[in-house]
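Visitor: Take a look at the letters that make up each chain.
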Amino acid sequence: MSGLVVIGASYAGIQSALSAREAGYADNITVVCDETWLPYQRPPLSKGFLLGTTGEDNLVLRDEAFFKNERIDLVLGHRAVGIDPRATQVVLDNDATLAFDKLVIATGSRARRISVPGAELDGVCYLRSVADAIDLKARLAQAAEVVIVGGGFIGLEVASSAAKSGKRVTVVESMTRLLERAVCPLVSEFLHATHRQSGAEVLMGETVIAIDGASGRVAGVTLASGTRLPADLVLVGIGGIANDDLARAAGITCTNGIVVDEHGRTGHQDIYAAGDCANHYSRFANGWVRLESVQNAQDQAKAAGLAIAGSHGPYDAVPRFWSDQYSVKLQIVGLSAGHDRTAVRGSADDGRFTVFFYRNGKLIAADSINRPGDQMAARRLIAAGLSPTPEQAEDPSFDLKSLVKAIETINV
Amino acid sequence: MVTEHGGVMARVRFVQRDGTEKNVEIGSSISVMMAAVRNGVRGIDGECGGCLDCATCHVYVDEAQAGLVPPPTEDEIELLSNVTAPRRSNSRLSCQIKIPSSIDELIVFVPENQS
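For the record, the sequence lines run as chains V and L. Anchor point for the first sequence: position 407 equals 407 in the numbering used here, and the numbering is continuous, going up by one each time. When you read off a place in the second sequence, starting at 1, and then add 1000, the result is the number in the numbering used here.
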């Protein structure tokens, strides 16, 4: 029994299987996953799930009926431990083998571990999987003082959830501002102020040099400045690492993730990769990029699924990201690295603004705080290669949609 | 009919542009988007899981029923302002729709594309 085998049952894995099926792939499809849960939603894990507003039942992304209807075999609780490209088979942890005609590697990413003394103490947590989230939620309920290591998306979302739950929260960020690689200074400052106003302390330019413990449990952290912070829970959110080990061991080219083309194809013609574990060339990045987002996982996996079914639909979507913290809705479209000019629409004082990023006069990205309408317009403008002038972008009376409508009129 | 979690069951009829339909049973605590994604309804992505960030679950509610579901919030209206498929008076983000007990079967039309 061969056909399509998919390693990983999160957004990219499931989407690749579904897209192959939708595009007419008629052979067997088997998805194997080391977790024992039905595929689940990840975005709520740091937010609604921790707060208790999203229950475990509501996390389910695809249920049994889905797999039955789509004729996809789901093998849960087994880790793929090897890929043999010559024998075209995947080896599982129980020594079973799955033969494949086509393979998708959708193994995602894992949390980067902190390597300081005390890192192994009980109460040092990470957040990636639903199992992590269940553990974190239980510990959070018992905790009083929470230290968050890393002012990235996961750290800030957990900080928001913990502060909302009445915990004493301190975020420790080693860079000079929050979300430094993802957003512009204006957005960083706005988020910083929001966290402070909501009761979370934020320490910038500080590095954790040790996690202190008592009786094997976390008791606090020590910073490079000498400051000691008491803590009964430490959440580490210092980035992700591509799970490309299986691909590397199989001789598939990897550089910060599995290198794929616009169809998600690796250097091996029958082996594809998609999602957090894959590195692709993006015209929006003006280079190679590995993205960790639901949108990237789904859209890249769609391209792979189509190619596997013999159809065509290269991955060319504008990258987008979002984060909800307290009552702040942060949305990002495009990749702003390399911008040479910004334009601000709205005002940080009102808590509603969008920063538009330009490179050589071309709109390349937009960060929005509580302005979803701007974000939607920017998404379509960037996808269409349209750029309002910075003056137009800054003028709230200028209708950004008018540019989108203009091009649609031409296309019709 | 009552689900194991106590939510009353209703039905959503998803109608594709080519006229094909899929009927899905849905508990009252689950959004129309979630029901679509869990059941593999084509053309509804629901990337953000329902927190009003992505606008990839746009649908048209049957015109006769559009007034029977609670109206959109301001954020939803803003997101709908620039969806890729034509925006109509019955455009909604399906993540924001849970089926009220007054409806046994909700009919929604799936647009040509999502944002």
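Note that these hints are calculated values from the structure, not bench results. Since we're looking at a predicted model, the values are computed, not measured. Heads up, the beta-carbon is just placed ideally off N, CA and C, and yes, glycines get one too. Heads up, some of the hints might be wrong.
[Unchecked claim] Think about it this way: if two alpha-carbon atoms lie no more than 16 Å apart in a straight line, the pair counts; the simulated EDC-like pairs of lysine to aspartate or glutamate are: (1) V:K329 <-> V:E189; (2) V:K329 <-> L:E1076; (3) V:K68 <-> V:D135; (4) V:K329 <-> L:D1062; (5) V:K137 <-> V:D232; (6) L:K1022 <-> L:D1062; (7) L:K1022 <-> V:E145; (8) L:K1098 <-> L:E1078; (9) V:K167 <-> V:E70; (10) V:K329 <-> V:D316; (11) V:K137 <-> V:E206; (12) V:K167 <-> V:E145; (13) V:K164 <-> V:E201; (14) V:K47 <-> V:D122; (15) L:K1022 <-> V:D350; (16) V:K401 <-> L:D1062; (17) V:K329 <-> L:E1025; (18) V:K47 <-> V:D132; (19) L:K1098 <-> L:E1025; (20) V:K68 <-> V:D27; (21) V:K329 <-> L:E1078.
[Claimed, not checked] Derived contacts from chain L toward chain V, CB cut-off under 7 Å, selection only: (22) E1021; (23) D1053; (24) L1079; (25) S1081; (26) A1085.
[What the hints assert, rightly or not] Just the calculated beta-carbon pair ranges, DEER-fashion: (27) L:D1018 <-> V:R352: 55 to 65 Å; (28) V:A119 <-> L:D1018: 14 to 24 Å; (29) L:S1089 <-> V:R352: 36 to 46 Å; (30) L:T1020 <-> V:L186: 46 to 56 Å; (31) V:V344 <-> L:R1042: 33 to 43 Å; (32) V:D132 <-> L:I1103: 46 to 56 Å; (33) L:I1103 <-> V:H78: 53 to 63 Å; (34) L:R1013 <-> V:A119: 31 to 41 Å; (35) L:D1062 <-> V:K68: 45 to 55 Å; (36) L:T1020 <-> V:D395: 38 to 48 Å; (37) V:A87 <-> L:D1062: 35 to 45 Å; (38) L:Q1065 <-> V:E180: 40 to 50 Å; (39) L:D1062 <-> V:G338: 42 to 52 Å; (40) V:D340 <-> L:I1103: 22 to 32 Å.
Visitor: For each hint, tell me whether it holds in the structure or not.
Guide: Results for each hint:
no.: 1; hint: V:K329 <-> V:E189; result: 15 Å, holds
no.: 2; hint: V:K329 <-> L:E1076; result: 13 Å, holds
no.: 3; hint: V:K68 <-> V:D135; result: 31 Å, violated
no.: 4; hint: V:K329 <-> L:D1062; result: 30 Å, violated
no.: 5; hint: V:K137 <-> V:D232; result: 13 Å, holds
no.: 6; hint: L:K1022 <-> L:D1062; result: 15 Å, holds
no.: 7; hint: L:K1022 <-> V:E145; result: 49 Å, violated
no.: 8; hint: L:K1098 <-> L:E1078; result: 20 Å, violated
no.: 9; hint: V:K167 <-> V:E70; result: 44 Å, violated
no.: 10; hint: V:K329 <-> V:D316; result: 25 Å, violated
no.: 11; hint: V:K137 <-> V:E206; result: 26 Å, violated
no.: 12; hint: V:K167 <-> V:E145; result: 6 Å, holds
no.: 13; hint: V:K164 <-> V:E201; result: 13 Å, holds
no.: 14; hint: V:K47 <-> V:D122; result: 23 Å, violated
no.: 15; hint: L:K1022 <-> V:D350; result: 44 Å, violated
no.: 16; hint: V:K401 <-> L:D1062; result: 26 Å, violated
no.: 17; hint: V:K329 <-> L:E1025; result: 32 Å, violated
no.: 18; hint: V:K47 <-> V:D132; result: 13 Å, holds
no.: 19; hint: L:K1098 <-> L:E1025; result: 12 Å, holds
no.: 20; hint: V:K68 <-> V:D27; result: 14 Å, holds
no.: 21; hint: V:K329 <-> L:E1078; result: 13 Å, holds
no.: 22; hint: E1021; result: 14 Å, violated
no.: 23; hint: D1053; result: 4 Å, holds
no.: 24; hint: L1079; result: 5 Å, holds
no.: 25; hint: S1081; result: 5 Å, holds
no.: 26; hint: A1085; result: 11 Å, violated
no.: 27; hint: L:D1018 <-> V:R352: 55 to 65 Å; result: 40 Å, violated
no.: 28; hint: V:A119 <-> L:D1018: 14 to 24 Å; result: 55 Å, violated
no.: 29; hint: L:S1089 <-> V:R352: 36 to 46 Å; result: 26 Å, violated
no.: 30; hint: L:T1020 <-> V:L186: 46 to 56 Å; result: 47 Å, holds
no.: 31; hint: V:V344 <-> L:R1042: 33 to 43 Å; result: 39 Å, holds
no.: 32; hint: V:D132 <-> L:I1103: 46 to 56 Å; result: 38 Å, violated
no.: 33; hint: L:I1103 <-> V:H78: 53 to 63 Å; result: 42 Å, violated
no.: 34; hint: L:R1013 <-> V:A119: 31 to 41 Å; result: 53 Å, violated
no.: 35; hint: L:D1062 <-> V:K68: 45 to 55 Å; result: 28 Å, violated
no.: 36; hint: L:T1020 <-> V:D395: 38 to 48 Å; result: 45 Å, holds
no.: 37; hint: V:A87 <-> L:D1062: 35 to 45 Å; result: 53 Å, violated
no.: 38; hint: L:Q1065 <-> V:E180: 40 to 50 Å; result: 48 Å, holds
no.: 39; hint: L:D1062 <-> V:G338: 42 to 52 Å; result: 47 Å, holds
no.: 40; hint: V:D340 <-> L:I1103: 22 to 32 Å; result: 53 Å, violated
Checked against the numbered hints listed earlier, the structure breaks hints 3, 4, 7, 8, 9, 10, 11, 14, 15, 16, 17, 22, 26, 27, 28, 29, 32, 33, 34, 35, 37, 40; every other hint is satisfied.
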